[in-house]
Amino acid sequence: MDRPQFRSVLASALARAGGLELATPRMTAGIDGRRTGRRSGNALEFSEYREYQAGDDLRRLDWGVFARSEQLMVKLYSEEVDPRCDIVLDDSASMATEEAKAAAALGLAGLLAQAAANAGFSLAVWHARETLEKEPFPYRPLEWSCGAFDGGASPGEAFGRFAGGFQSRGIRIVVTDLLWPEEPGRFLRRLADGAMRAVVIQLLTRDELDPAVSGTVSLTDAETGEERELAADDALLARYRQRLARHQELWSRAAGEYGVRLIRLTVEEFYPGWDLQQLFRCGVLK
Numbered sequence: 002m003d004r005p006q007f008r009s010v011l012a013s014a015l016a017r018a019g020g021l022e023l024a025t026p027r028m029t030a031g032i033d034g035r036r037t038g039r040r041s042g043n044a045l046e047f048s049e050y051r052e053y054q055a056g057d058d059l060r061r062l063d064w065g066v067f068a069r070s071e072q073l074m075v076k077l078y079s080e081e082v083d084p085r086c087d088i089v090l091d092d093s094a095s096m097a098t099e100e101a102k103a104a105a106a107l108g109l110a111g112l113l114a115q116a117a118a119n120a121g122f123s124l125a126v127w128h129a130r131e132t133l134e135k136e137p138f139p140y141r142p143l144e145w146s147c148g149a150f151d152g153g154a155s156p157g158e159a160f161g162r163f164a165g166g167f168q169s170r171g172i173r174i175v176v177t178d179l180l181w182p183e184e185p186g187r188f189l190r191r192l193a194d195g196a197m198r199a200v201v202i203q204l205l206t207r208d209e210l211d212p213a214v215s216g217t218v219s220l221t222d223a224e225t226g227e228e229r230e231l232a233a234d235d236a237l238l239a240r241y242r243q244r245l246a247r248h249q250e251l252w253s254r255a256a257g258e259y260g261v262r263l264i265r266l267t268v269e270e271f272y273p274g275w276d277l278q279q280l281f282r283c284g285v286l287k
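Residue numbers for the sequence shown follow this note's numbering, so the first one is 2 and each next one is one higher.
Some hints could be false.
[As the list claims (entries may be wrong)] SDA-like mimics (lysine to any residue), calculated; alpha carbons at most 20 Å apart, straight line: (1) Lys135 / Ser123; (2) Lys287 / Arg17; (3) Lys287 / Leu15; (4) Lys76 / Leu62; (5) Lys135 / Ala164; (6) Lys135 / Arg162; (7) Lys135 / Gly161; (8) Lys135 / Gly157.
[What the hints assert, rightly or not] Distance ranges between label pairs, derived from CB positions: (9) Pro137 / Asp58: 45 to 55 Å; (10) Arg162 / Ala246: 27 to 37 Å; (11) Arg4 / Cys283: 30 to 40 Å.
What the hints contain is simulated information worked out from the structure, not anything from laboratory work. Glycine residues also receive a C-beta, built at the ideal position from the N, C-alpha and C atoms.
Please construct the entire structure, taking both the sequences and the accompanying hints into account.
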């Protein structure tokens, strides 16, 4: 993707971000007055009532409710987590197998960065190449040093080589296609460790989900450059769909195990209109 196109895609995404904000996770304070948050100085907000149970802190009883209803109700509070966000953009070559896919990934990362800035988050942006490289201008997507999508390693390999760390107790979001052969456990464990919320957004094209090819086709591995010629008959396409389904299910199970939110977007449905409905439904944006 050349620089003018790179800027055009990001400008479009940033315009869509407008007044959007990244949603801040909340934690419910303990009913005995002990807070589950990291710092005792953070502000508490009323969350909801529930019925009194033996052992509850009597200071949390709402006597006004008791006077009206003769029910003993305990106030629960929520605590805002320090707003921190790490965004990881998969800069590997497989993200640019189609121009629209590269544009969707780049624009989505920029849009999320703008939403984080709108919400007042401390923001770090990382490019997954041979390892994770920290973006020097996280709040200025138009100046990001990405767009080539020429990395030769998968994000799984990049995470394995990464000696640094993410911001603790914040949100971590990875934009990728998940098309790499390593098992997901190590990657997801590293992503979720110490995070308040971890999200993986998978971007795939319709052709990657359901190839519409026939005859002899020449395939090139985007990362290694290896070329192969295959006869794309019904049997081959059926095997591809079965393997992709197993791959997707493996990631779904592992994401559930490690408490990672997995969001799947189809490039053609998401871009260029920037359809954000799934991100709203999943509580990533507000």
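Tested hints:
1. Of the pairs offered as hints, the one joining Lys135 and Ser123 holds, with about 14 Å between alpha carbons and a cut-off of 20 Å not exceeded.
2. The hinted pair formed by Lys287 and Arg17 meets the criterion: a straight-line CA distance of about 13 Å does not exceed 20 Å.
3. Using a Cα cut-off of 20 Å, the hinted pair Lys287 and Leu15 holds, with the two alpha carbons roughly 15 Å apart.
4. For the hint linking Lys76 to Leu62, the alpha-carbon distance of about 6 Å falls within 20 Å, and the restraint holds.
5. Simply put, Lys135 and Ala164 have alpha-carbon atoms about 12 Å apart, close enough for the 20 Å limit, and the pair holds.
6. Distance check on the hinted pair: Lys135 and Arg162 sit about 14 Å apart at the alpha-carbon level, within 20 Å; holds.
7. Of the supplied pair hints, the one linking Lys135 and Gly161 holds, its CA atoms being roughly 15 Å apart against a limit of 20 Å.
8. Under the criterion of a C-alpha separation no larger than 20 Å, the hint pairing Lys135 with Gly157 is consistent with the structure, at around 16 Å.
9. In this structure the supplied range 45 to 55 Å holds for Pro137 paired with Asp58, their Cβ-Cβ distance being about 47 Å.
10. Range check, Arg162 to Ala246: about 30 Å between beta-carbon atoms, so the 27 to 37 Å window is met.
11. Remark: the range hint 30 to 40 Å for Arg4 to Cys283 is upheld by a beta-carbon distance near 32 Å.
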